[in-house]
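Chains as they are written, first to last, in the numbering used here: chain A, 872 to 1297; chain B, 872 to 1297; chain C, 872 to 1297; chain D, 872 to 1297.
Bear in mind the hints are in silico, worked out from the structure with no lab data behind them.
Please note that the accuracy of each hint is not assured.
The following label-pair restraints were derived from C-beta to C-beta distances [stated by the list, open to error]: (1) A:Gly1244 with D:Ile1085: 49 to 59 Å; (2) C:Ala882 with B:Met1106: 48 to 58 Å; (3) C:Met1106 with B:Asp1107: 52 to 62 Å; (4) A:Leu1153 with D:Tyr950: 57 to 67 Å; (5) B:Met1106 with D:Gly1150: 51 to 61 Å; (6) D:Arg1056 with C:Glu961: 43 to 53 Å; (7) D:Gly1150 with C:Gly960: 52 to 62 Å; (8) C:Asp1296 with B:Leu884: 49 to 59 Å; (9) C:Gly958 with B:Gly1150: 37 to 47 Å; (10) B:Val913 with C:Pro939: 35 to 45 Å; (11) A:His1053 with D:Ile1085: 30 to 40 Å; (12) C:Gln903 with D:Ile912: 21 to 31 Å.
Within a straight-line C-alpha distance of at most 16 Å, the following computed EDC-like cross-link-like pairs (lysine to aspartate or glutamate) qualify [as the list claims (entries may be wrong)]: (13) D:Lys1125 with D:Glu1114; (14) A:Lys1245 with A:Glu1001; (15) C:Lys1125 with B:Asp987; (16) B:Lys935 with B:Asp987; (17) B:Lys1245 with C:Glu1114; (18) D:Lys1245 with A:Glu1114; (19) A:Lys1125 with D:Glu1114; (20) C:Lys1245 with B:Glu1114; (21) B:Lys1125 with C:Glu961; (22) C:Lys935 with C:Glu949; (23) A:Lys1245 with D:Glu1114; (24) D:Lys1125 with A:Glu961; (25) B:Lys1245 with B:Glu949; (26) D:Lys1245 with D:Asp1070; (27) B:Lys1245 with B:Asp987; (28) D:Lys935 with D:Glu949; (29) D:Lys1245 with D:Asp1076.
Even for Gly, the Cβ is constructed at its ideal location relative to N, Cα and C.
There are 4 protein chains.
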Amino acid sequence: MEALPTVAESASLAQRYEAVRRRSLDLCAPLQSEDYGVQPIVDASPPKWHLAHTTWFFETFILKPHAPGYSMFHPLYEYLFNSYYNGVGEPFPRANRGHLSRPTLADTLAYRAHVDCAMSALFDHLAEPEVVDAVTLGLHHEQQHQELLLTDIKCILGFNPLHPTYRTPGASIGDAVNRDRHSFRDMPGGTVEIGCAADGSFAFDNEQPRHPVILQPFQLGTRLVTNGEYLDFVMDDGYTRPEFWLADGWALRKSGRLDAAPLYWRLRDGHWFEYRLDGSHLLRADTPVVHVSYFEADAYARWFGARLPTESEWESAASMQDPREATGNYVESGALHPLPACAGSDLRQLLGDAWEWTSSAYAPYPGFRARSGKFSEYNGKFMANQMVLRGGSCATPRGHIRTTYRNFFYPPDRWQFSGIRLAKDA
Amino acid sequence: MEALPTVAESASLAQRYEAVRRRSLDLCAPLQSEDYGVQPIVDASPPKWHLAHTTWFFETFILKPHAPGYSMFHPLYEYLFNSYYNGVGEPFPRANRGHLSRPTLADTLAYRAHVDCAMSALFDHLAEPEVVDAVTLGLHHEQQHQELLLTDIKCILGFNPLHPTYRTPGASIGDAVNRDRHSFRDMPGGTVEIGCAADGSFAFDNEQPRHPVILQPFQLGTRLVTNGEYLDFVMDDGYTRPEFWLADGWALRKSGRLDAAPLYWRLRDGHWFEYRLDGSHLLRADTPVVHVSYFEADAYARWFGARLPTESEWESAASMQDPREATGNYVESGALHPLPACAGSDLRQLLGDAWEWTSSAYAPYPGFRARSGKFSEYNGKFMANQMVLRGGSCATPRGHIRTTYRNFFYPPDRWQFSGIRLAKDA
Amino acid sequence: MEALPTVAESASLAQRYEAVRRRSLDLCAPLQSEDYGVQPIVDASPPKWHLAHTTWFFETFILKPHAPGYSMFHPLYEYLFNSYYNGVGEPFPRANRGHLSRPTLADTLAYRAHVDCAMSALFDHLAEPEVVDAVTLGLHHEQQHQELLLTDIKCILGFNPLHPTYRTPGASIGDAVNRDRHSFRDMPGGTVEIGCAADGSFAFDNEQPRHPVILQPFQLGTRLVTNGEYLDFVMDDGYTRPEFWLADGWALRKSGRLDAAPLYWRLRDGHWFEYRLDGSHLLRADTPVVHVSYFEADAYARWFGARLPTESEWESAASMQDPREATGNYVESGALHPLPACAGSDLRQLLGDAWEWTSSAYAPYPGFRARSGKFSEYNGKFMANQMVLRGGSCATPRGHIRTTYRNFFYPPDRWQFSGIRLAKDA
Amino acid sequence: MEALPTVAESASLAQRYEAVRRRSLDLCAPLQSEDYGVQPIVDASPPKWHLAHTTWFFETFILKPHAPGYSMFHPLYEYLFNSYYNGVGEPFPRANRGHLSRPTLADTLAYRAHVDCAMSALFDHLAEPEVVDAVTLGLHHEQQHQELLLTDIKCILGFNPLHPTYRTPGASIGDAVNRDRHSFRDMPGGTVEIGCAADGSFAFDNEQPRHPVILQPFQLGTRLVTNGEYLDFVMDDGYTRPEFWLADGWALRKSGRLDAAPLYWRLRDGHWFEYRLDGSHLLRADTPVVHVSYFEADAYARWFGARLPTESEWESAASMQDPREATGNYVESGALHPLPACAGSDLRQLLGDAWEWTSSAYAPYPGFRARSGKFSEYNGKFMANQMVLRGGSCATPRGHIRTTYRNFFYPPDRWQFSGIRLAKDA
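Please work from the sequences and hints to get the whole structure.
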């Protein structure tokens, strides 16, 4: 895959709209038409659904209320492509998204074109800040779905016994590198400011308000845990020793719904293979372990004699980083897989490569206010039972991530590029 | 849809092979490519899977053992398209058939072409009776799947809130006809011969051996129960009065897994609609009710003050029929839906239109022998928990049905064209 | 356990009432009070519930309609102890019977005494045949529950890791006897009369009407299959070879809900143990195998190269037996477990010892009429998805069983004393 | 119920052991023997199990390792009464606790006596601090189970359609009092110390270490939300309006597993009733609402226009309270139900009456260390998916609760005395 251009921050909103929307289609370009409709697990939606739902967002929240004379593409799409906005009406059941052969891909692309055309007309006389804000949110929303597109595509192809390749990476992972020992860096305690300041730049409501938090001194792993390191845990019977596991994670193991290896690992004839977006390969020891659940990340940390960082610890470390770190391994690199850490003793891989499970449950910041009105359901209603992940991944669009960005998934989830960074008490 | 040609019985095996195989593709012609991969309920397989599995049958049971030098199309297809033959190996899980975007439709068609080519070569010097028998079985097998193709397509399209049309029927259902009162015909008791004689014509193992059965005199409904008659049961609160229901059917009702109307009925603004393969229409009173479970058929019969016939009663009546009855409403008529009964007082609609639930559990006939060897799993292992249906339907290929033919489904199943014929003790 | 007296057929109805009712309490005598309330599986009801429900039957169907001035013991008991009679009202959920600590055992016994007292008064001027019939049915109903009492008690105690003993048997199983080879006896074909004639003696509605059936000549196993013979099947990997199993049985195996041995067998340190009502013992090779499901019985038969008999075959053989066979091993023997067959070449163990799975689905006989009115739900509504068992067991009261008696359970059920008799085509 | 004596803090360990152990039996005194064995929901254990498990704790962790020559009461009890200590071995499945009729209550009491006798001997020469600590933990453990005993008894009796009374309260709830309007009190922000200092007094590991936290100024509801106030939410269709609900809570509502009222409320003929431990009564408007899940507490708060407090907010407020607040409504009052708040404008009901859901997920404090060795599984492994509750309830033993005490349950749980205190941003 060719490296993808980064959407320039300086571009006009209309230009950014065009670039973001085109990116969604670019990400689907390597697919066969059959790949667009499948949903192997309830969590992963069909690519066709992502293309339609991101379009539905603009139609529902921008065109219908703000584009005079806008004519809906199809009266039932409001129902079919509503993800979870009860304010818009009862959504079509999530588990059935893969059961819809219609609208076809061609219909879906026509729907996109219809909405893009109406949006284009809207941009010509776009003035209201409220609408600008909504469009901006819609673009960030579509970028979120671009990451899901890739992880859901990986699920669709990786689930298939034929193990088809999504595409050849634009950036090679390179040859195997020497394994350095895991090292930790001392981090100071004290009062730190966490969250996004209200400075006019875009952020989700859940990153706000910025507020002080007291940290105890701690140590932070300087890079992500690798496959090789994680394999030591597997080989040490980590998956069958309850002393490392949270009770709910152990119950999941006993129930048979959590296999004894990361999601895309497979043991064949005594060799471990890993399915990546460029196909199935012998497991590399030097790339970061990904597709682990919170329970596995936590169990690995206990086995190691460490723990996972809190999201405040993580953010305080990341915010100290040189912004050049933003040159990390995002989707634009074309690698489509986390890369081995460069040599060094500094903190590396904080942004890009793999989402890092934190030990923080997803909860509102002090003084949190959900976006008002129709967007109130965007983030706040998920603040129970989920854990925060930080830092973005090799599937995240570059302009989309921030050090204050809070991603969240349920502890058993592992179809995202979720990895492990360790921490320790000082 | 144009009326389809009947496969001539007089044709050579190679000709019949070619005709039956082409028919499977013809049935798929109206589909969009997206329709080929969806599996809304576990029972209904994606059309692409049917196309591949019927091909797998010839590859596995004929080409591999009998075609010297045959080269398999793909080593994993043996696993992916095995339905339930444990003798061939552990099959790919049925519930996951709709999760396979690959092989694509194009790959699947290439697989069919590859096998058809090898079969064509085989026909040139086909002599062994064993192979002829296996090919014949394979063709009947594919005809069975042609009916499933249509009912599964109906499930895929009818499940979709957009209610797309499969195709315009070649034979119109016609205008609504007058409703005659349900009448019964007296049938004699005595000893009758049931099952298929070993006269060299094709029959499944479960239709044999022919054997005598004693019947008490009984009465048989002269035609299928209509939508209008069934609606009376619905309106009389038939679905909420336990006195009409078998205990297991009532438990299904209470569990919420059996709605209070046949599968494709929908109530909108006080009007009943029925989804047919030509789209959603106001419910017609004069067409036979279809897509009812055994529990519903049995409850309707009790409400009416009648019962369902046994399979012996049904067969004894059907075998007395003039063979011209074979001009019934099969898939070749192009109606793709059961038609109103012609006027008359004779027994009508015994063959074609709708499968008729009998009160007989699917069990071996006295002296039953399963086919030997690799085909031993074809029928016999399903002889528990299922009920026999008789007579074929509007989705059955004409040459495929016989008065001795035994179809079988679980009591809750209702995605087939299953209808109701009543019976009474004399 | 002392051998129990048989309830004399010649006794008056009041005497029989008293004897049957006392028997239910006698069967509970060895229990600890804690044993009365437990329900380890949904199928098995707590003993306290059986004591109350059999009492509810007399209160609901006899005292309320026929005893003027009868005062109900408690207004909610009608709801709590209704098993499945929708005509009486929505029953308390079966799965929750074990969640009721109240009424207590003392309350339950007081309920029995209250009803027995009112019944006693009723007997003084009992004349209406309808009431006599209902009382007679109530006594047979209570005898059915006496068998369930024992099998449910076995479930409660056998489920417990402490493996407590119900009681020491009154009749010793004796020393292990020599194993004779399994032999078959030729049985003639022809037309036989099946079912119970309407001669005034008691029978359930499902045994009627008597009707002719044509049998093909067949062979019948002369005795029940023993533990030792069944162990050969286990050792031959019978539980892991799909070729012996019905598809639904194999699916049950793969789902993990059917262990690879009969219900009460346990392998400890290389030795097989069997839990019996007198505790856990080394598996005896010579006693009949019991607590197998239909799927296991059928799989064993296929492995052996035989099949299970139909219920007509079974009944025709049993009806040829000398009535002295009635000296079989019923609950009155006190053995509480099937005994080794006596030596011989005749048909043995047809009545008593173990219920014998037949290959016949439970269905109405031709001309079947359910009992009218309030008892219409007694039998008929279960005529789907179940298989017929014949012959009674070591837990059946002697006077309760007949050669025409049809018991029925679902194919996976195995907490009854269900065993195996083989058959073959001639 | 007579008011219960408080266990004096000044008593010797042996005296406290004796008092705590006797209390468990006292709490069971009103039970019928049948009540001891029932488990209506998986979360609620049978009283007999609590009596045995708390005994198992002393046998396993104190007598076996520290009492020379101690002879175990029964070899299988270690397995049967292990709750979740994988270090001790695989525990008996929790869901099956109610399926064990043996050991009987008498056996269980003998087990308690056996262990108490051995403990008594141990106290005579108890010196090792490690053992003293373990005994102290065992007593706090038993006090925790005393609260569960009451809530599980309530579940057993309240589940029963007969609605039996546990016992008449020793302290009357009194006549209905006037409803004051809900008021809030301003609370300062700043840095506060949270958690239990290591000053030698007993605390669980999860309350430590004490650490500073920054709070923003906030407002705290001055008392618990009452039934009357909660009824307004119910009447305003609070249970059917998704805008108030967390996504997971709404999914629970839609699944049918969360009824539209608190656990023990029942609507009969237009009147609301509440089941309390003294039986079923017309709902009182002035007592605190209890038996609500986290989802309901959170939805109520959103409907009100408020939120739930964090555990730090709660603790900072509680720690400012006059210690005389310790005169709250604990189990010793004998009320066995939360009482109406006294009049006033101060913070009331922080301790006792009802556990208060906080918006804090249960997580380790900075620097948390699980107890070492065999007690490492006590608390830490539950730190995922659960929410913290604070303050104790009317079922909590007085000496057991502290302002730093952290209780934790899953968001859907509601069989505890869980209630609602509101908070607001300043």
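Hints and how they fare:
1. Hint check: Gly1244 of chain A to Ile1085 of chain D, Cβ distance near 31 Å, so the stated range 49 to 59 Å is violated.
2. For the hinted restraint 48 to 58 Å between Ala882 of chain C and Met1106 of chain B, the CB-CB distance of approximately 52 Å keeps it satisfied.
3. About 58 Å separates the C-beta atoms of Met1106 of chain C and Asp1107 of chain B, a value consistent with the hinted range of 52 to 62 Å.
4. Evaluation of the 57 to 67 Å hint for Leu1153 of chain A and Tyr950 of chain D yields a failure: the beta carbon distance comes to about 44 Å.
5. Between Met1106 of chain B and Gly1150 of chain D the beta carbon distance is about 45 Å. The supplied range of 51 to 61 Å is therefore violated.
6. Between Arg1056 of chain D and Glu961 of chain C the beta carbons are some 50 Å apart, a value that agrees with the proposed interval 43 to 53 Å.
7. Between Gly1150 of chain D and Gly960 of chain C the CB atoms are about 25 Å apart, so this pair departs from the stated range of 52 to 62 Å.
8. Under the hint 49 to 59 Å, the C-beta atoms of Asp1296 of chain C and Leu884 of chain B, about 33 Å apart, miss the expected range.
9. The hinted range of 37 to 47 Å is satisfied by Gly958 of chain C and Gly1150 of chain B, whose Cβ atoms lie roughly 43 Å apart.
10. Look at Val913 of chain B against Pro939 of chain C: about 57 Å separates their beta carbons, and that is not inside 35 to 45 Å.
11. The supplied range of 30 to 40 Å is met by His1053 of chain A and Ile1085 of chain D, whose beta-carbon atoms lie about 32 Å from each other.
12. Checked against the given bound of 21 to 31 Å, the beta carbons of Gln903 of chain C and Ile912 of chain D, roughly 25 Å apart, stay inside it.
13. At roughly 14 Å between alpha-carbon atoms, Lys1125 of chain D and Glu1114 of chain D fall within 16 Å of each other, so this suggested pair holds.
14. For the hint pairing Lys1245 of chain A with Glu1001 of chain A, the CA-to-CA distance comes to about 12 Å; that is within 16 Å, so the pair holds.
15. Between Lys1125 of chain C and Asp987 of chain B the alpha-carbon distance is near 35 Å, which puts this suggested pair outside the 16 Å criterion.
16. Of the pairs offered as hints, the one joining Lys935 of chain B and Asp987 of chain B holds, with about 13 Å between alpha carbons and a cut-off of 16 Å not exceeded.
17. Proximity of Lys1245 of chain B to Glu1114 of chain C is assessed by CA-CA distance (about 11 Å); at most 16 Å being required, the pair is judged to hold.
18. For the hint pairing Lys1245 of chain D with Glu1114 of chain A, the CA-to-CA distance comes to about 11 Å; that is within 16 Å, so the pair holds.
19. Pair hint Lys1125 of chain A plus Glu1114 of chain D does not hold up; C-alpha atoms about 36 Å apart against a cutoff of 16 Å.
20. With a C-alpha separation of about 11 Å, the suggested pair Lys1245 of chain C and Glu1114 of chain B falls inside the 16 Å cut-off, and the hint holds.
21. Between Lys1125 of chain B and Glu961 of chain C the alpha-carbon distance is near 11 Å, which keeps this suggested pair within the 16 Å criterion.
22. Between Lys935 of chain C and Glu949 of chain C the CA atoms are separated by roughly 11 Å; this keeps the pair inside 16 Å, and the hint holds.
23. With a C-alpha separation of about 11 Å, the suggested pair Lys1245 of chain A and Glu1114 of chain D falls inside the 16 Å cut-off, and the hint holds.
24. In summary, the hint linking Lys1125 of chain D to Glu961 of chain A is supported, as the alpha carbons are separated by about 11 Å, within the 16 Å threshold.
25. Restraint check: the Cα-Cα separation between Lys1245 of chain B and Glu949 of chain B comes to about 14 Å, which is no more than 16 Å; the hinted pair holds.
26. Distance hint between Lys1245 of chain D and Asp1070 of chain D is unfulfilled; the C-alpha atoms sit about 23 Å from each other, more than 16 Å.
27. Using a Cα cut-off of 16 Å, the hinted pair Lys1245 of chain B and Asp987 of chain B is violated, with the two alpha carbons roughly 21 Å apart.
28. Between Lys935 of chain D and Glu949 of chain D the alpha-carbon distance is near 11 Å, which keeps this suggested pair within the 16 Å criterion.
29. Of the supplied pair hints, the one linking Lys1245 of chain D and Asp1076 of chain D holds, its CA atoms being roughly 13 Å apart against a limit of 16 Å.
The structure does not agree with the numbered hints 1, 4, 5, 7, 8, 10, 15, 19, 26, 27 stated previously, though it agrees with the rest.
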